[in-house]
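Colleague: Okay, here's what each chain looks like letter by letter:
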Amino acid sequence: MAIYGTALLSICLLLGLIVGKLLGVLIGVDANVGGVGIAMLLLILICDHLRQTGRLKAPSERGIAFWSSIYIPIVVAMAASQNVLAAIKGGPVAIVAGVSVVVICFALVPLISRLEPPSMDPFDSSKIPSKDKL
Amino acid sequence: MELLESFESVLVKYSLVTAFAVIGFTVWMSYVLSDRLTHGRFHGSAIAILIGLLLAYIGGITTGGSKGIADIKVLSGIGLMGGAMLRDLAIVATAFGVRMDEFRKTGLSGVVSLTAGVLVSFFVGACVAYAFGYRDPVSMTTIGGGAATYIVGPVTGSALGATSKVMALSVAAGLIKSILVMITTPFVAKYIGLDNPRSALIFGGLMGTTSGVAGGLAATDPKLVPYGAMTATFYTGLGCLLGPSVVFIVIRAIV
Numbered sequence: 001m002a003i004y005g006t007a008l009l010s011i012c013l014l015l016g017l018i019v020g021k022l023l024g025v026l027i028g029v030d031a032n033v034g035g036v037g038i039a040m041l042l043l044i045l046i047c048d049h050l051r052q053t054g055r056l057k058a059p060s061e062r063g064i065a066f067w068s069s070i071y072i073p074i075v076v077a078m079a080a081s082q083n084v085l086a087a088i089k090g091g092p093v094a095i096v097a098g099v100s101v102v103v104i105c106f107a108l109v110p111l112i113s114r115l116e117p118p119s120m121d122p123f124d125s126s127k128i129p130s131k132d133k134l
Numbered sequence: 001m002e003l004l005e006s007f008e009s010v011l012v013k014y015s016l017v018t019a020f021a022v023i024g025f026t027v028w029m030s031y032v033l034s035d036r037l038t039h040g041r042f043h044g045s046a047i048a049i050l051i052g053l054l055l056a057y058i059g060g061i062t063t064g065g066s067k068g069i070a071d072i073k074v075l076s077g078i079g080l081m082g083g084a085m086l087r088d089l090a091i092v093a094t095a096f097g098v099r100m101d102e103f104r105k106t107g108l109s110g111v112v113s114l115t116a117g118v119l120v121s122f123f124v125g126a127c128v129a130y131a132f133g134y135r136d137p138v139s140m141t142t143i144g145g146g147a148a149t150y151i152v153g154p155v156t157g158s159a160l161g162a163t164s165k166v167m168a169l170s171v172a173a174g175l176i177k178s179i180l181v182m183i184t185t186p187f188v189a190k191y192i193g194l195d196n197p198r199s200a201l202i203f204g205g206l207m208g209t210t211s212g213v214a215g216g217l218a219a220t221d222p223k224l225v226p227y228g229a230m231t232a233t234f235y236t237g238l239g240c241l242l243g244p245s246v247v248f249i250v251i252r253a254i255v
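Taken in order, these protein sequences are the chains called S and B. At position 79 of the first sequence (counting the first as 1) the number is 79 in this note's numbering, and the numbers step up by one without a gap. At position 220 of the second sequence (counting the first as 1) the number is 220 in this note's numbering, and the numbers step up by one without a gap.
Possibly wrong hints are sitting among the right ones.
Selected chain S positions facing chain B (Cβ under 8 Å, derived; list incomplete) [stated by the list, open to error]: (1) Gly34; (2) Ile44; (3) Gln52; (4) Thr53; (5) Ala65; (6) Pro73; (7) Ala97; (8) Ile104; (9) Pro110.
If you're looking for bench data, these hints aren't it; they were derived computationally from the structure. Given the structure is predicted, the values throughout are model-derived calculations rather than measurements. From the three backbone atoms N, C-alpha and C, an ideal C-beta is built for every residue, glycine too.
Looking at chain S on its own, in the form it has when it is part of the complex (with noise of 0.2 Å):
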């Protein structure tokens, strides 16, 4: 049934704010570190065995696939609902912070991307055949 893939998703979602929250307060910080990103790893990991197992059924999965299908439209009504007024209210200040934070963080994808040896690279196989040379 689609109510077992949704409440699977919803058990994950509050363990994952429930260790978020707890993180938070070992760390002496007044916010929830990580809960949705816990979440997400449990969701995934408990899938994961589920399916292995065989006892993760099409209905239930529905219930899952419905909310992430939904997610653009909720993205959309939180949009509609941001203090835009205040943000452009903000002053000079604020808009230059804001602006200039957000292009140098843009810049520094690719430079922190290209950081890591593309081992996973798929085209790295291409260069296997250096080892030949050794």
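We have chain S; now place chain B onto it with these hints.
Modeller: Chain B in isolation, oriented as in the chain S frame:
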């Protein structure tokens, strides 16, 4: 008159259902616009998010509230639909179907991008604050926190005892960042190689604003959302941790 009142009372009572209808219509209209006006070059979801932000602005002007269009009574359900509860549920759901090893492979770049993202944001924000005459370490750190996210700013500010004006500025800086990321990501995506899970994960760690990353990636390629959201969710916590401690001490030592 009575007709109008009963109409309104239904919409208010069933506010979440009203929100589904209004947002559904907005998304549909956006995809039609994307198809007809730009032949699909400008993604429908990007247009929908832009319309959403525009609605939020209109809501702010007409009501003077802080929740955008959701401050209009009939449309209050949009606040629930786009609030943290359903947003987080949907974000976690996008992880469904993601392979575990894709995360494992990118672990290190995730950590590097997170740390770099938080520190660079504080640094840039503090420099801008200094340039505009906010030269005490408390204000610089708080505005720097705002340049991280609009949560890190006020959390840092209240821990350090910043003035409310500086706190408001830091929130505004964070909001500008989040909105800019939502709008501009689809345009810059191809120039920064944002087309695979690994760069999406790095992008999430660098930008950190969950709403910005989620909106920006959704408008670029919905398949990338779980990867970016994954790292972004750790960002605010890390920022709140480093801001009032390490970053403040460093800034105070320099200024």
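Colleague: All the hints need checking, so say for each whether the structure fits it.
Modeller: Quick rundown of the hints versus the structure:
no.	hint	result
1	Gly34	holds, 4 Å
2	Ile44	holds, 5 Å
3	Gln52	violated, 12 Å
4	Thr53	violated, 16 Å
5	Ala65	holds, 7 Å
6	Pro73	holds, 5 Å
7	Ala97	holds, 4 Å
8	Ile104	holds, 6 Å
9	Pro110	holds, 5 Å
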